[in-house]
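Q: The residues making up each chain are set out below.
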Amino acid sequence: MRVLTYLAKRLAFVIPQLVGIILVSFLLVKSIPGDPAVLMLGPTATPDAIAGLRQSLGLDQPLYMQFFIYLKNLLHGDLGTSWQTTRPVLDDLIQRFPATLELVTLSLLLAIIVGVTLGVYAARRPNGWIARLSDAYGLSAGALPDFWFALVLIFVFYTVLHWAPAPLGRIDMVVIPPMPITGAYTIDALLAGDLEAFWSALSHLALPVLTLGLLNAGPILKMTQATMEKMLDSDFSRYEVLSGVPQRLVVRHALRNSLPSVVTIISVLYGYLIGGAVLVEIVFSWGGAGQYAVQGVLNSDIYPVLGFVLFSAIFSLIVYIVVDLIYVLLDPRISN
Amino acid sequence: MLAAIHLLGRLALIRPRFAAGYLIVLTVTILAILAPLIAPYSPTEADSANFLQPPSAAHLFGTDNVGMDIFSRAIYAPRIDLTIAVLGTLLSALLGGSIGALAGYYSTGHGIRVWLSFAVMRAADVIQAFPVFVFAIALVASLGQSIQTVVLAIAFVNAPIYLRLMRSQVLSIRSMRYVEASQVNGLSDFQTIVRHVIPNAMAPVLAQLSINVGWGILLTAALSFVGAGVRAPTPEWGSMIAMGFQNVVTGQWWPSMFPGVMLAITVFGFSLVGASIEALADPAKRRQLLSDARQRDRKKAAVEQPSLERI
Numbered sequence: 142m143r144v145l146t147y148l149a150k151r152l153a154f155v156i157p158q159l160v161g162i163i164l165v166s167f168l169l170v171k172s173i174p175g176d177p178a179v180l181m182l183g184p185t186a187t188p189d190a191i192a193g194l195r196q197s198l199g200l201d202q203p204l205y206m207q208f209f210i211y212l213k214n215l216l217h218g219d220l221g222t223s224w225q226t227t228r229p230v231l232d233d234l235i236q237r238f239p240a241t242l243e244l245v246t247l248s249l250l251l252a253i254i255v256g257v258t259l260g261v262y263a264a265r266r267p268n269g270w271i272a273r274l275s276d277a278y279g280l281s282a283g284a285l286p287d288f289w290f291a292l293v294l295i296f297v298f299y300t301v302l303h304w305a306p307a308p309l310g311r312i313d314m315v316v317i318p319p320m321p322i323t324g325a326y327t328i329d330a331l332l333a334g335d336l337e338a339f340w341s342a343l344s345h346l347a348l349p350v351l352t353l354g355l356l357n358a359g360p361i362l363k364m365t366q367a368t369m370e371k372m373l374d375s376d377f378s379r380y381e382v383l384s385g386v387p388q389r390l391v392v393r394h395a396l397r398n399s400l401p402s403v404v405t406i407i408s409v410l411y412g413y414l415i416g417g418a419v420l421v422e423i424v425f426s427w428g429g430a431g432q433y434a435v436q437g438v439l440n441s442d443i444y445p446v447l448g449f450v451l452f453s454a455i456f457s458l459i460v461y462i463v464v465d466l467i468y469v470l471l472d473p474r475i476s477n
Numbered sequence: 635m636l637a638a639i640h641l642l643g644r645l646a647l648i649r650p651r652f653a654a655g656y657l658i659v660l661t662v663t664i665l666a667i668l669a670p671l672i673a674p675y676s677p678t679e680a681d682s683a684n685f686l687q688p689p690s691a692a693h694l695f696g697t698d699n700v701g702m703d704i705f706s707r708a709i710y711a712p713r714i715d716l717t718i719a720v721l722g723t724l725l726s727a728l729l730g731g732s733i734g735a736l737a738g739y740y741s742t743g744h745g746i747r748v749w750l751s752f753a754v755m756r757a758a759d760v761i762q763a764f765p766v767f768v769f770a771i772a773l774v775a776s777l778g779q780s781i782q783t784v785v786l787a788i789a790f791v792n793a794p795i796y797l798r799l800m801r802s803q804v805l806s807i808r809s810m811r812y813v814e815a816s817q818v819n820g821l822s823d824f825q826t827i828v829r830h831v832i833p834n835a836m837a838p839v840l841a842q843l844s845i846n847v848g849w850g851i852l853l854t855a856a857l858s859f860v861g862a863g864v865r866a867p868t869p870e871w872g873s874m875i876a877m878g879f880q881n882v883v884t885g886q887w888w889p890s891m892f893p894g895v896m897l898a899i900t901v902f903g904f905s906l907v908g909a910s911i912e913a914l915a916d917p918a919k920r921r922q923l924l925s926d927a928r929q930r931d932r933k934k935a936a937v938e939q940p941s942l943e944r945i
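Line by line, the protein sequences give chains A and B. Our numbering numbers the first residue of the first sequence as 142 and each following residue consecutively. Our numbering numbers the first residue of the second sequence as 635 and each following residue consecutively.
Excised from the complex, chain A in its bound form:
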């Protein structure tokens, strides 16, 4: 029951925000020059055909009517049609969003491993060499452009060493992709028992995950280090040390108490990466949702852009709700 009231409160806040996001993105993409009807029919179209198409797309209506039509369709699960793929945007996104999600989730895992490990070690010895290293790492990781770092990795591991596959999509062209169940190639391949597809998908994931994971570990590292230092410095840790509790346990207890703030920064990063992975998707021809949206912007194809913004907003929302529930698990004191 308490969970339900919580959800209701949350939605009361979020739905106006969601409508705001849709409105702003609608106005924004609508003002991108280029007439979809002209673009769809090509340069040889007759004015009559263009006028007909404009009418059937609702483009002859005033802007606010177009917005209401879009909202109405949205309630029926219709996100419009992309003129580039000539498919419903919802179908396109259902196909592409898992690709982005798979990439982003694995990258986030790598970032967590790197960030939390370095952060904990750095906090244990604030003047040691690991602390210096992680300091330098935190500062420089944020300065590297991801699309360029991806290119460096491609040069080293594909062009020179031939360890990684060519940066052309999510799976080898000769390998048949597994039947989509979750949409994530690695999971689907495992479910189908197709090891060849699994390895191919995994090897294609290696470089983009390395790029995003290494470059985004900075915030997690900083947050872990800062909270761990505070926790190790607090009374309960000092008391444990004085009582002769082994150092491993002291660190574990401090980490347990640092988790809420670490989880917060991870959730923010998760939401950010859905859109932040766009450039890496483009470099590796990933065919993900972000790349789809950018293609939409560059070709005045507005519905994919709106659909992507909507999807990523809803995704962030789900992440934040899950995180709120995790807080309760991590710290029983805040359950009410």
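Please keep in mind that the hints were generated in silico from the structure rather than gathered at the bench. For clarity, every value in this text was computed on a predicted model and none was experimentally measured. Beta carbons: idealized from backbone N, C-alpha and C, even for Gly. A hint or two may mislead.
Under the rule of at most 25 angstroms between Cα atoms (straight-line distance), these lysine-lysine pairs were calculated in the DSS-like manner [said to hold, decoys possible]:
#, chain 1, residue 1, chain 2, residue 2
1, A, K150, A, K213
2, B, K919, A, K363
3, A, K213, A, K171
4, B, K919, B, K933
5, B, K919, A, K371
Some chain B residues flagged as far from chain A (calculated, every beta-carbon gap over 10 angstroms) [as the list claims (entries may be wrong)]:
#, residue
6, L694
7, V700
8, L924
Position chain B relative to chain A; hints supplied.
A: Quick look at chain B alone, frame taken from chain A:
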């Protein structure tokens, strides 16, 4: 002002990486200003007979796939990148900072201003809920692709940061006695905000400025990389990296690597400068830094003492 410069100098001595930051920013700025004197070739003219030449004495960084000299282009590039990023950041601080100051000043009480202040914060929520890059690229696309619109996109994307920063500062300052005193003395709200509130809220904004210039450079390069920002042949790091993209895959690394390294070092420099301003603005950190400096001076004195006695 002088005290600040003196403090900066001491800071650079204790924390060498801050010195590195100032050095990087200074060097890149000088390169950008003196580019026409330093560059051995024109940054936009192609020598089609010498395309994709590896780095050599004639072409320090090699040539790209149409035969333009990469070194010349790479040192001309900060003219565009820095200008865009600095203008965009200043504009976003001006826009976000002034609205944030008003929103913070009028955040309690009643009347239409309070509602406006609430509405502004919710608008900032909406803007920040967007995926940054897609938002920026959509802005540039809808305003028409040009250098000015990239500046506007950077300003707009970053404005909510300053809005929040300034608002939270003003919230804590507006209840101070000196603000009350200036109101009692008959200064208008506007005069109070401009003369007494904003000057005292500036420190974190300044630290953010430097960090944001770095982000602005990254965003400019990213937009140009996908073809939505500055267009070739205008020398710009992101579009240079994009031009060399296919060559990297086939083994000619130089067209993309050099501009990328310069871009990364520049952004790194700006974040170091930002970190140093942050350290100066935070009284606790400043005290620690200064006590480090005193210790250092004492050690140095202790080392110098014996040699003096020998004379």
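Q: Now look at each hint and say whether the structure bears it out.
A: Against the structure, the hints come out as follows:
1. K150(A) with K213(A): Roughly 24 angstroms separates the two Cα atoms, so the pair holds.
2. K919(B) with K363(A): Satisfied, since the Cα-Cα distance of roughly 16 angstroms is no more than 25 angstroms.
3. K213(A) with K171(A): holds (17 angstroms)
4. K919(B) with K933(B): holds (21 angstroms)
5. K919(B) with K371(A): Judged against 25 angstroms, a Cα distance of about 15 angstroms means the pair holds.
6. L694: Given a closest Cβ separation of 20 angstroms, the condition holds.
7. V700: holds (19 angstroms)
8. L924: Label holds. Min Cβ-Cβ 18 angstroms, cutoff 10 angstroms.
Hint compliance for this structure: every hint is met.
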